[in-house]
Structure formats: structure tokens, C-alpha cells
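Chemist: Below are the chains, spelled out letter by letter.
Protein chains: 2
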Amino acid sequence: MIVDPSADDRLDRAFMALADPVRRRIIARLSRGPATVNELADPFEISKQAVSKHIQVLEHAGLVTRTRDAQRRPVHLDPAALEALTAWIDRYRLIHEQQFRSLDSLLAESTTAEASSEASDPAVGEAGRRTEEERS
Amino acid sequence: MIVDPSADDRLDRAFMALADPVRRRIIARLSRGPATVNELADPFEISKQAVSKHIQVLEHAGLVTRTRDAQRRPVHLDPAALEALTAWIDRYRLIHEQQFRSLDSLLAESTTAEASSEASDPAVGEAGRRTEEERS
DNA sequence: CTTGTAATCAACCAAATGGTTGATCAATGA
DNA sequence: TCATTGATCAACCATTTGGTTGATTACAAG
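Chain order of the listed sequences is A and B.
The first sequence begins at 1 in this note's numbering and counts up by one.
The second sequence begins at 1 in this note's numbering and counts up by one.
The hints are simulated quantities; they were obtained by calculation from the structure and are not laboratory data.
Small disclaimer: the values here were computed from a predicted structure and weren't measured.
Every residue gets a Cβ at the ideal spot worked out from N, C-alpha and C, and that includes glycine.
Take these hints with a grain of salt, some might be off.
Distance ranges between label pairs, derived from CB positions [as the list claims (entries may be wrong)]: (1) A/Lys53 <-> B/Glu59: 28 to 34 Å; (2) B/Ala70 <-> A/Arg73: 57 to 63 Å; (3) A/Arg101 <-> B/Glu97: 30 to 36 Å; (4) A/Glu83 <-> B/Asp8: 19 to 25 Å; (5) A/Asp69 <-> B/Arg68: 56 to 62 Å.
Please construct the entire structure, taking both the sequences and the accompanying hints into account.
Modeler: What follows is the structure in C-alpha cells.
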């Protein structure tokens, strides 16, 4: 019954939560404003209990929060968690682009002068880069 | 042998692919440049076959591509697919923010005389929003 | 107190997921 | 040719996931 509130684990649950198309539709609906479980369940063919479970997954992932209004439990979107996801994706996407950029400049330099600056060269990627250029 | 038709289905697979922490680590590694299956499998405790399966999932989701170099099959990151993911997330995140913005301006209008509101409690304002229902 | 409504809990089930091991394919190099 | 290396295929297994139905809790209104 470990509750493991690790930040990395949160990211894990968030990605996991968005993996399901039903939950993504719920997120999409919530972006227009809060809604109750019944309202959220309405567009789906599945049972209300199933939707309730989906909401629990989203809540546990930190993507939504819930308040109380009499018997109702309105669900609210928490955009901060979504931001963390885009941050993760963009991180590696941008590193990848950066990698290409430095390769380009490296090639440009080698034409102008001697390529003595092998230096650090963490670019295992560079070595691998060469192996590409294949048929498409 | 259906070959992944709809674009919506692609998004589905992409989110599903990123739900697994092993696959996200693979993506992180690939952001530094292409790598072979053996290279990718090295940091993990799991078998090479398991990593191979993960790569197939990523490939089927359009997140990576593979080329050929002798026996090796280098895996390359495809940043375009990652961009599609951030696009989806940002869409609803921004709609949500927009919603807040209009709520704020609405409140601001009602108190044109003075800008006393310190953003107050938007959650309460939202709760009243459940008037927008689509119970059919 | 009783009824009705919103939502969750509990037990259960089928299918998908992630992992394993052993065999096989494909390309290289002796 | 034959052994080696890189990677996949195939069968199998344990756990997780997403769904169901039926009972139960929590409020609000008669």
C-alpha cells in the first residue's frame, strides 16, 4: 500500500492516464469547464461506474481535481499537470533538434578548417547518424 | 495486417506508447541520437527481446523510424510525432485557460468601478457554470 | 423517516500488456 | 562453408486494465 508520491511517478501516471481515449475525451470535455460524473458519462456507452474509475485515474495522476456540491462531485481540469507533460515531451524533442543543429555546424566547420575539436563529443549520436541515410 | 489508417488512431498509439516508463527512457536516449537495439537494451535489466517489443510499439506509433546498417537496425527519433502530442495537450490546456480569461473579464466588467478583485476564487465561479449541461 | 439521486465500493471477468525463454532469420567475416 | 553477431519470431505466463453488475454510502427533499 505504498503511496509513493515521487514526482517522477506522477509524470508516469499522467502519461498513463492520457493513454486511454475515453480519458482524453474527458479531458477535452473538462477543458470547457467542470462537470459532474453523470455529465461526463453521458456521451459514452459505458457505465457510470466505469467513467467514475476513469476519473479516479485522472485524479490520481493529478490531471483533475474534485470539489463538492451537495451529492455532486464536480470535476475540474488542472492545467498545470498537462503543462508538465508538454514540458517532458518538448525537452527531448528540442534536444533532438539541437543535436541536428550541432551536427550541421560541425560539418560546416570541418570544411573551413581542420577538425581537431573532437574534444568532448558525447555524440554517439553522431556516429550513429552516419549509419543512417538509407533508402526511405 | 491493417496498416494504421486513421490519424486519430495514430495519436492514440502515440499516447499509449509514452505511457510506459521504459519507452520514455528509450525516447530520452534517442533524443541524443540514433541507437541500435543492443545499445538501447543495455541500460535496462530486461531482456533484449522485451526492448525489441518496446521499439516496435514506438515504431507503430510513429514515434521512431528504423533504418538498416548491416545486421544492425538503428532506431531514430521522429520529432514530428512528438509535436503532435504536445499539440493535442496544449489545445485543451489553452482552451481551459481561455475559459478562465473570459470568466475573469466577465467578473471585471461587473465591477468596472474598481479593480478590487484579486482573481478571487474562480473555482466558485466555475461551479455555477454547470448550467451548461447537455443532458439530452 | 422515507424516497430519490449522485457517486462509489466490491466482486468478478475478458482482454491486453509486459515480461520470459528458446528457436529462427539475416548479414558479416573467418 | 560455418560460426558469430544483431535482432526478431513464437509460445507461454503473470499482472494489469477496462469493463460489467449489484450493493452501499452520502445528501437533499418530501
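Chemist: Run every hint past the structure and note whether it holds.
Modeler: The hints, checked one at a time:
1. Our hint of 28 to 34 Å for A/Lys53 and B/Glu59 holds, since their Cβ atoms are close to 31 Å apart.
2. Distance hint check: the CB atoms of B/Ala70 and A/Arg73 are about 59 Å apart, consistent with the given range 57 to 63 Å.
3. In this structure the hint that A/Arg101 and B/Glu97 lie 30 to 36 Å apart at CB holds, the actual value being about 31 Å.
4. The hinted window of 19 to 25 Å between A/Glu83 and B/Asp8 holds, with their beta carbons roughly 23 Å apart.
5. Remark: the range hint 56 to 62 Å for A/Asp69 to B/Arg68 is upheld by a beta-carbon distance near 60 Å.
Figure legend: structure checked against the earlier numbered hints; every hint is met.
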